[in-house]
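Engineer: The residues making up each chain are set out below.
Protein chains: 2
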Amino acid sequence: MFPLVILAAGKGRRMGETKPLVKLLGLTLLERTILAFKEAGIDKFYVVVGYKKDVVSKHVEELKKNYGIDIDVIENDEWEKGNGTSVLAVRNYVKKFFVTMVDHVFERNVIKDFVESIDGKKCVLLVEKNIEEVFEIEEATKVKIREEKIIDIGKGLKEYDAIDTGLFFFTEEIFGAIEEAMRKNNANVTDGVKILAEKGKMYWYAKKKGYWIDVDTKKALKVAEKLILKSIPKKEDGFISFYLNRKISLKISSKLCNFNISPNLMTTISFLVAIAGSIFFLSGKYLYTILGGIAIQIASIIDGCDGEIARMKFLASRYGAWFDTVLDRYADAIITTFITYNGWVIYKENIIWILGFFSLLGFIMASYSRKEYELRYGEKMHGGIMDKLSKRDIRLFSMFIGSFFNMAFEFMVAIAILHHVTIVWNLWRKK
Amino acid sequence: MFPLVILAAGKGRRMGETKPLVKLLGLTLLERTILAFKEAGIDKFYVVVGYKKDVVSKHVEELKKNYGIDIDVIENDEWEKGNGTSVLAVRNYVKKFFVTMVDHVFERNVIKDFVESIDGKKCVLLVEKNIEEVFEIEEATKVKIREEKIIDIGKGLKEYDAIDTGLFFFTEEIFGAIEEAMRKNNANVTDGVKILAEKGKMYWYAKKKGYWIDVDTKKALKVAEKLILKSIPKKEDGFISFYLNRKISLKISSKLCNFNISPNLMTTISFLVAIAGSIFFLSGKYLYTILGGIAIQIASIIDGCDGEIARMKFLASRYGAWFDTVLDRYADAIITTFITYNGWVIYKENIIWILGFFSLLGFIMASYSRKEYELRYGEKMHGGIMDKLSKRDIRLFSMFIGSFFNMAFEFMVAIAILHHVTIVWNLWRKK
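Each protein sequence line maps, in turn, to chains A and B.
Note that my numbering has the first sequence beginning at 1, numbered continuously upward.
Note that my numbering has the second sequence beginning at 1, numbered continuously upward.
Because the hints were derived from the structure by calculation, they are not lab data.
Wrong hints could be hidden among the right ones.
Said to hold, decoys possible - Listed below are the simulated PhoX-like cross-link pairs for lysine-lysine, each with C-alpha atoms no more than 20 Å apart in a straight line: (1) A:371 - B:380; (2) A:112 - A:247; (3) B:234 - B:251; (4) A:371 - B:371; (5) B:219 - B:184; (6) A:348 - B:155; (7) A:313 - A:234; (8) B:53 - A:380; (9) A:226 - A:201; (10) B:251 - B:184; (11) B:380 - A:380; (12) A:149 - A:121; (13) A:23 - A:348; (14) A:23 - A:234; (15) B:64 - B:218.
Stated by the list, open to error - A few chain B residues facing chain A, derived, Cβ under 8 Å: (16) 148; (17) 315; (18) 323.
Unchecked claim - Output of the computed footprint for chain B on chain A, the stretches with three or more beta carbons under 8 Å from beta carbons of chain B: (19) 309-323; (20) 327-334; (21) 371-380.
Glycine included, C-beta positions come from ideal geometry on N, C-alpha and C.
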């Protein structure tokens with residue numbers, strides 16, 4: 001895999017802070033860039049520093065220590081001339097390499113797709129073709145293309161087809177091109193690219209779905225935060241999760257991500273809230289039942305935070321996903337048991353217990369059956385509405401609503417019936 | 001994929017039946033050969049018929065209809081001269097092809113491994129190097145090898161390094177070689193192979209783990225049956241399953257496979273036996289409890305038959321596996337519910353119900369946690385003894401034993417504790 005050169009030497013003219021160290025959802029811009037590209041498979045990084053180089057270098061040392069990633073610091077004393085000098089600074093270290101700006105934030109899919117598109121034979125710029133979507137277009141660098149090549153590039157282009165995203169792949173040819181540009185007193189990367197373009201040696205690759213943004217102002221920083229948060233909800237999220245829980249949990253996660261709270265800790269907290277809350281159901285008194293209902297809905301909301309923080313901070317792990325899933329089922333089981341007890345206190349009939357078993361079975365098996373399907377068929381089961389209605393967000397929300405009518409048990413059984421119907425329906429339709 | 005030519009023209013001299021139609025665990029030898037190679041990826045078959053060609057051809061028509069497989073019948077009127085004439089009979093149809101004898105039975109892995117080893121450039125014979133393991137060695141064809149080539153082959157070889165398994169891959173060169181052999185009045189495939197060997201054009205591939213057998217006598221047919229049955233138990237089978245249930249269920253399956261009973265029907269029967277049997281637990285009377293215990297152990301044994309029949313008759317499907325797993329969990333849940341009720345009849349305490357929830361949760365979650373692990377990690381969890389003790393065979397067997405002490409409930413809770421400990425232990429050790 002080719003290395004990544006991160007241009008982090010400039011002075012954030014419009015933000016008044018040391019750019020690489022600006023925090024975005026719990027990670028510095030530099031940290032975020034490195035972790036995002038690492039996830040795409042890149043394992044060697046060069047960070048070119050200039051402005052406040054001591055502070056930035058120290059931060060790089062921390063990152064190396066914390067993540068065990070191979071990162072070299074390259075000093076560029078000529079950084080004030082233009083960011084082209086930062087590319088020239090790595091000349092002795094790399095031959096073929098990716099280049100990105102430390103303050104450009106890309107969705108992980110965008111990075112992965114670009115990295116995978118590179119064959120290493122030619123210089124390529126990732127461009128945005130949906131021009132109307134670009135944030136602060138007047139500040140953007142415009143690109144003119146013809147067939148698979150770039151023929152002109154610059155901020156002032158009147159006619160253009162795409163926008164420069166600031167993510168490049170270069171071969172050694174860039175060094176000569178930047179030197180040539182510097183002889184004309186133009187020392188930016190795009191000046192070098194313009195020269196390559198004039199020689200027919202610069203290609204483009206169009207960004208597919210996914211955000212990217214140049215975090216050049218405080219306002220852009222806010223927008224970047226929103227774009228990241230918006231990308232987190234999953235396609236398979238249930239209705240309550242999508243329309244209610246996520247809106248709240250994302251707010252919580254965006255605060256919590258600034259602290260050193262691991263996703264697994266959040267999983268545990270959500271579990272404990274569910275358990276503690278469900279104890280309220282044991283008394284059978286109306287007021288306590290309502291409190292129990294509120295607590296499990298809170299647990300349901302918090303349950304989103306582990307995955308959100310994991311994705312915000314590149315902390316997702318298969319262990320975390322496994323742990324979360326197993327603990328969720330345990331929490332569901334304890335809630336179901338206690339709500340069944342709540343029902344028993346009210347009705348004092350054995351049938352209540354049997355219905356409790358029925359409910360517990362439905363809640364676990366709806367998920368179990370999906371997992372087993374996925375294991376056997378090697379793909380997710382796309383079950384449509386029925387499946388969306390037999391998920392955790394819905395079942396906890398039903399009990400929450402039910403508790404206000406002092407009917408948590410009845411609501412639980414009703415939603416359990418739906419779960420069982422879904423299981424049987426899926427077994428039937430896949431036959 | 002290269003086609004397979006099945007030599008089915010000869011007269012079973014030592015068996016007194018039409019060889020291709022001899023039944024082995026519910027399938028004719030011809031059917032078994034075709035399904036086994038189909039599973040290894042082969043999709044075009046030529047069956048060379050001679051002796052009783054009308055009967056065999058009719059059977060091929062049935063197979064084509066039943067399985068929708070592409071099979072052509074090739075008639076060889078010269079079959080009495082030797083099986084080399086059967087290879088010559090396909091001359092106009094194939095250029096590069098596998099050849100097997102209809103009465104040679106191979107374990108599916110052996111076939112798959114050989115098929116995958118073939119690059120199509122040279123003639124190869126699959127040989128057995130573990131000579132002492134060969135059934136009826138005196139009847140076997142011996143092979144002498146040097147480096148990667150075969151240098152001599154024949155029944156009468158005094159010195160030899162391996163045994164001919166009767167599974168070949170040929171290029172067109174075999175046709176000329178057999179013709180050359182026929183000019184010397186030798187008309188068997190091995191005579192052609194001998195000539196290729198003399199020209200340094202015959203290669204060998206050593207069979208890896210797995211059985212193969214030449215079903216030439218009634219005795220060999222029995223041995224073949226045993227070899228197939230022995231290959232069925234799975235590595236992940238629990239202790240009770242391995243040492244007790246399989247021994248009985250394989251006997252049942254080896255009878256049932258002669259009828260048109262689908263694996264999914266067996267799954268359903270096992271489920272119904274479990275439900276019907278567990279109803280006995282509801283009365284709380286000792287005698288009925290014992291009957292309930294016996295019924296669930298019977299259900300546990302029958303539960304093996306679906307997979308066994310599926311593997312014996314090449315009927316395994318991902319739907320079948322999914323259906324079986326989901327129904328097993330439902331059966332477990334109903335048994336657990338009814339045994340809990342049995343406990344409640346005896347003790348009349350609410351804690352019994354709570355312990356019932358605890359047990360149900362443990363039984364489903366032990367499996368759930370393993371599945372989720374497998375999904376996330378892309379590999380099975382190798383949990384050792386703890387995992388072997390938290391499987392279905394053990395839990396049903398515990399309740400069976402417990403029922404004799406009128407303590408089905410207590411035994412159930414005890415084994416459930418073990419399940420929960422295993423779940424927590426696995427989450428802990430993988431951290």
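Engineer: Work down the list of hints and note, for each, if the structure agrees.
Structural biologist: Hints and how they fare:
no.: 1; hint: A:371 - B:380; in the structure: holds (14 Å)
no.: 2; hint: A:112 - A:247; in the structure: violated (27 Å)
no.: 3; hint: B:234 - B:251; in the structure: holds (16 Å)
no.: 4; hint: A:371 - B:371; in the structure: holds (7 Å)
no.: 5; hint: B:219 - B:184; in the structure: violated (34 Å)
no.: 6; hint: A:348 - B:155; in the structure: violated (82 Å)
no.: 7; hint: A:313 - A:234; in the structure: holds (16 Å)
no.: 8; hint: B:53 - A:380; in the structure: violated (49 Å)
no.: 9; hint: A:226 - A:201; in the structure: violated (37 Å)
no.: 10; hint: B:251 - B:184; in the structure: violated (50 Å)
no.: 11; hint: B:380 - A:380; in the structure: holds (18 Å)
no.: 12; hint: A:149 - A:121; in the structure: holds (14 Å)
no.: 13; hint: A:23 - A:348; in the structure: violated (57 Å)
no.: 14; hint: A:23 - A:234; in the structure: violated (25 Å)
no.: 15; hint: B:64 - B:218; in the structure: violated (27 Å)
no.: 16; hint: 148; in the structure: violated (37 Å)
no.: 17; hint: 315; in the structure: violated (15 Å)
no.: 18; hint: 323; in the structure: holds (6 Å)
no.: 19; hint: 309-323; in the structure: holds (count 5)
no.: 20; hint: 327-334; in the structure: holds (count 3)
no.: 21; hint: 371-380; in the structure: holds (count 7)
In summary, the numbered hints that this structure violates are 2, 5, 6, 8, 9, 10, 13, 14, 15, 16, 17.
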